[in-house]
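Trainee: Below, each chain spelled out in residue letters.
Number of protein chains: 2
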Amino acid sequence: MTNDLNVCLTPVLIPLYDVEKHVVVIIDIFRATSSICYGIENGAEAIIPVSEIEECEGYRPHGHLLAAERNGEVVTGFDFGNSPFSYTAEKVAGKTIVLTTTNGTQALHLSRAARRVVIGSFLNLTAICNWLKTQNENILLVCAGWKNNFNLEDTLFAGAVVEQLKHSGFKLDDAAIAANDLYQTGKDDISQYLKKTSHSERLKALGIEKDIEFCLQVDLTTAIPVLDGERLIKLQ
Amino acid sequence: MTNDLNVCLTPVLIPLYDVEKHVVVIIDIFRATSSICYGIENGAEAIIPVSEIEECEGYRPHGHLLAAERNGEVVTGFDFGNSPFSYTAEKVAGKTIVLTTTNGTQALHLSRAARRVVIGSFLNLTAICNWLKTQNENILLVCAGWKNNFNLEDTLFAGAVVEQLKHSGFKLDDAAIAANDLYQTGKDDISQYLKKTSHSERLKALGIEKDIEFCLQVDLTTAIPVLDGERLIKLQ
Numbered sequence: 009m010t011n012d013l014n015v016c017l018t019p020v021l022i023p024l025y026d027v028e029k030h031v032v033v034i035i036d037i038f039r040a041t042s043s044i045c046y047g048i049e050n051g052a053e054a055i056i057p058v059s060e061i062e063e064c065e066g067y068r069p070h071g072h073l074l075a076a077e078r079n080g081e082v083v084t085g086f087d088f089g090n091s092p093f094s095y096t097a098e099k100v101a102g103k104t105i106v107l108t109t110t111n112g113t114q115a116l117h118l119s120r121a122a123r124r125v126v127i128g129s130f131l132n133l134t135a136i137c138n139w140l141k142t143q144n145e146n147i148l149l150v151c152a153g154w155k156n157n158f159n160l161e162d163t164l165f166a167g168a169v170v171e172q173l174k175h176s177g178f179k180l181d182d183a184a185i186a187a188n189d190l191y192q193t194g195k196d197d198i199s200q201y202l203k204k205t206s207h208s209e210r211l212k213a214l215g216i217e218k219d220i221e222f223c224l225q226v227d228l229t230t231a232i233p234v235l236d237g238e239r240l241i242k243l244q
Numbered sequence: 009m010t011n012d013l014n015v016c017l018t019p020v021l022i023p024l025y026d027v028e029k030h031v032v033v034i035i036d037i038f039r040a041t042s043s044i045c046y047g048i049e050n051g052a053e054a055i056i057p058v059s060e061i062e063e064c065e066g067y068r069p070h071g072h073l074l075a076a077e078r079n080g081e082v083v084t085g086f087d088f089g090n091s092p093f094s095y096t097a098e099k100v101a102g103k104t105i106v107l108t109t110t111n112g113t114q115a116l117h118l119s120r121a122a123r124r125v126v127i128g129s130f131l132n133l134t135a136i137c138n139w140l141k142t143q144n145e146n147i148l149l150v151c152a153g154w155k156n157n158f159n160l161e162d163t164l165f166a167g168a169v170v171e172q173l174k175h176s177g178f179k180l181d182d183a184a185i186a187a188n189d190l191y192q193t194g195k196d197d198i199s200q201y202l203k204k205t206s207h208s209e210r211l212k213a214l215g216i217e218k219d220i221e222f223c224l225q226v227d228l229t230t231a232i233p234v235l236d237g238e239r240l241i242k243l244q
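Each protein sequence line maps, in turn, to chains S and Z. Going letter by letter, the first sequence gives residues 9 to 244 in my numbering. Going letter by letter, the second sequence gives residues 9 to 244 in my numbering.
Don't take every hint at face value.
Unchecked claim - Computed list of lysine-lysine pairs in DSBU-like fashion (alpha-carbon distance at most 35 Å, straight line):
1. Z/K179 / S/K212
2. Z/K141 / Z/K174
3. S/K179 / S/K103
4. Z/K242 / Z/K195
5. S/K155 / Z/K29
6. Z/K103 / Z/K179
7. S/K174 / Z/K29
8. S/K29 / Z/K203
Unchecked claim - Covered stretches of chain Z, as calculated for chain S (at least 3 residues, CB under 8 Å):
9. 109-118
10. 159-173
11. 181-189
Stated by the list, open to error - Selected chain Z positions facing chain S (in silico; Cβ < 10 Å):
12. L21
13. Y25
14. G153
15. W154
16. Q192
17. Y201
18. K204
19. T205
20. A213
Derived from the structure by calculation, the hints contain no laboratory data. Even for Gly, the Cβ is constructed at its ideal location relative to N, Cα and C.
Build out the structure end to end from the sequences listed, making use of the hints.
Mentor: Here is the structure:
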């Protein structure tokens with residue numbers, strides 16, 4: 009039987025899919041899922057994604073590292089923000105980190121019923137594609153988007169995954185075809201391609217251009233973060 | 009001030025936009041908005057889009073033409089279905105038609121608060137673009153999609169509109185950029201491009217390939233249908 013390879017362009021559309029019949033890949037390239045991949049690669053014991061700073065604060069008694077950021081600045085009293093540069097081995101090895109991320113957390117929450125929920129980014133692109141090829145399951149690539157709407161960077165990454173899987177016998181939906189065609193358009197210089205987006209201007213205004221370049225590196229890592237209860241841990 | 013040119017990829021995303029600050033173009037290429045453009049061009053006095061066959065039936069006492077179709081067949085007792093070939097001058101001139109269309113009606117309903125709601129299709133592409141250029145308003149292109157999800161044919165048409173407007177000083181959102189890039193990919197042979205979609209297989213199974221070819225004709229008409237209360241009439 010042919011398995012489906014579907015792309016969900018924003019979390020708002022998740023209810024249109026039977027997530028319980030899919031392995032779900034959560035995608036939030038700038039910057040949540042990139043930082044999560046990097047942190048798990050660098051030996052973080054677990055990463056707990058939460059929506060609100062108050063919720064993050066609630067984990068303080070547990071002795072976890074707390075990551076909270078607003079408008080590109082680390083919130084006073086927190087250990088660090090959402091930059092992947094905060095997720096180096098020196099900082100996170102053996103630690104549990106609580107990470108505030110609005111778009112990514114909502115996508116995760118709505119995907120909980122899936123057969124498995126894993127985390128993708130350009131950093132672990134080939135690792136996650138190779139793993140997906142071995143699963144013999146329907147696959148749903150969930151773009152976290154921006155404030156519930158479509159964004160190009162998450163869609164381009166979904167298209168990069170489709171690129172690696174499309175000759176493995178999956179049936180693609182229209183969104184998977186579109187994501188892959190957009191990836192074809194942008195793949196020769198993704199950084200340059202994304203510069204024309206309004207989102208890019210917004211991120212530039214936040215002064216996180218170095219983060220953006222970091223998040224667009226392909227195959228820097230091989231760890232696959234997987235959801236285990238409320239925690240993201242390394243897939244064994 | 010720069011006006012926005014935004015693309016709403018499915019009706020589910022309409023609430024994310026301030027429709028009251030936009031002129032909205034409703035897009036349902038296969039086949040509702042194509043048939044509506046063709047019918048208004050051919051002298052239909054008005055077209056009333058409704059969701060359900062029962063609702064359509066309710067208009068029988070008014071003496072209107074009733075168009076209802078399920079699975080590619082005209083419903084027994086109705087005048088015709090959704091094929092654009094039913095909307096010729098001989099059949100519709102001077103008449104009011106009540107048309108059942110699930111995707112398109114929902115998109116219209118959710119866009120009612122807009123500054124103006126007009127109907128677009130490849131048939132009236134340049135006419136609607138030329139009119140939009142004169143409006144000095146924010147523009148939202150609403151893809152009716154398929155069962156609330158993304159589809160390629162509506163998105164490609166949105167990209168064709170963006171193509172004609174993008175050098176007129178609008179600010180594009182990510183979805184408008186994506187739609188335009190997809191249009192660039194498919195524009196040389198839209199019919200061939202759409203053949204790779206699963207939706208295309210579904211439509212083929214319905215035996216409406218001639219309708220599809222008809223709906224992909226560019227600039228066959230110049231009339232712009234506009235929403236006036238619950239009726240679509242010709243923009244004067």
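Trainee: Hint by hint, note whether the structure agrees.
Mentor: Hints and how they fare:
| no. | hint | verdict |
| --- | --- | --- |
| 1 | Z/K179 / S/K212 | holds, 17 Å |
| 2 | Z/K141 / Z/K174 | holds, 10 Å |
| 3 | S/K179 / S/K103 | violated, 40 Å |
| 4 | Z/K242 / Z/K195 | holds, 28 Å |
| 5 | S/K155 / Z/K29 | holds, 19 Å |
| 6 | Z/K103 / Z/K179 | violated, 40 Å |
| 7 | S/K174 / Z/K29 | violated, 41 Å |
| 8 | S/K29 / Z/K203 | holds, 27 Å |
| 9 | 109-118 | violated (count 0) |
| 10 | 159-173 | holds (count 3) |
| 11 | 181-189 | holds (count 6) |
| 12 | L21 | holds, 6 Å |
| 13 | Y25 | holds, 9 Å |
| 14 | G153 | holds, 9 Å |
| 15 | W154 | holds, 8 Å |
| 16 | Q192 | holds, 7 Å |
| 17 | Y201 | holds, 9 Å |
| 18 | K204 | holds, 6 Å |
| 19 | T205 | holds, 5 Å |
| 20 | A213 | violated, 15 Å |
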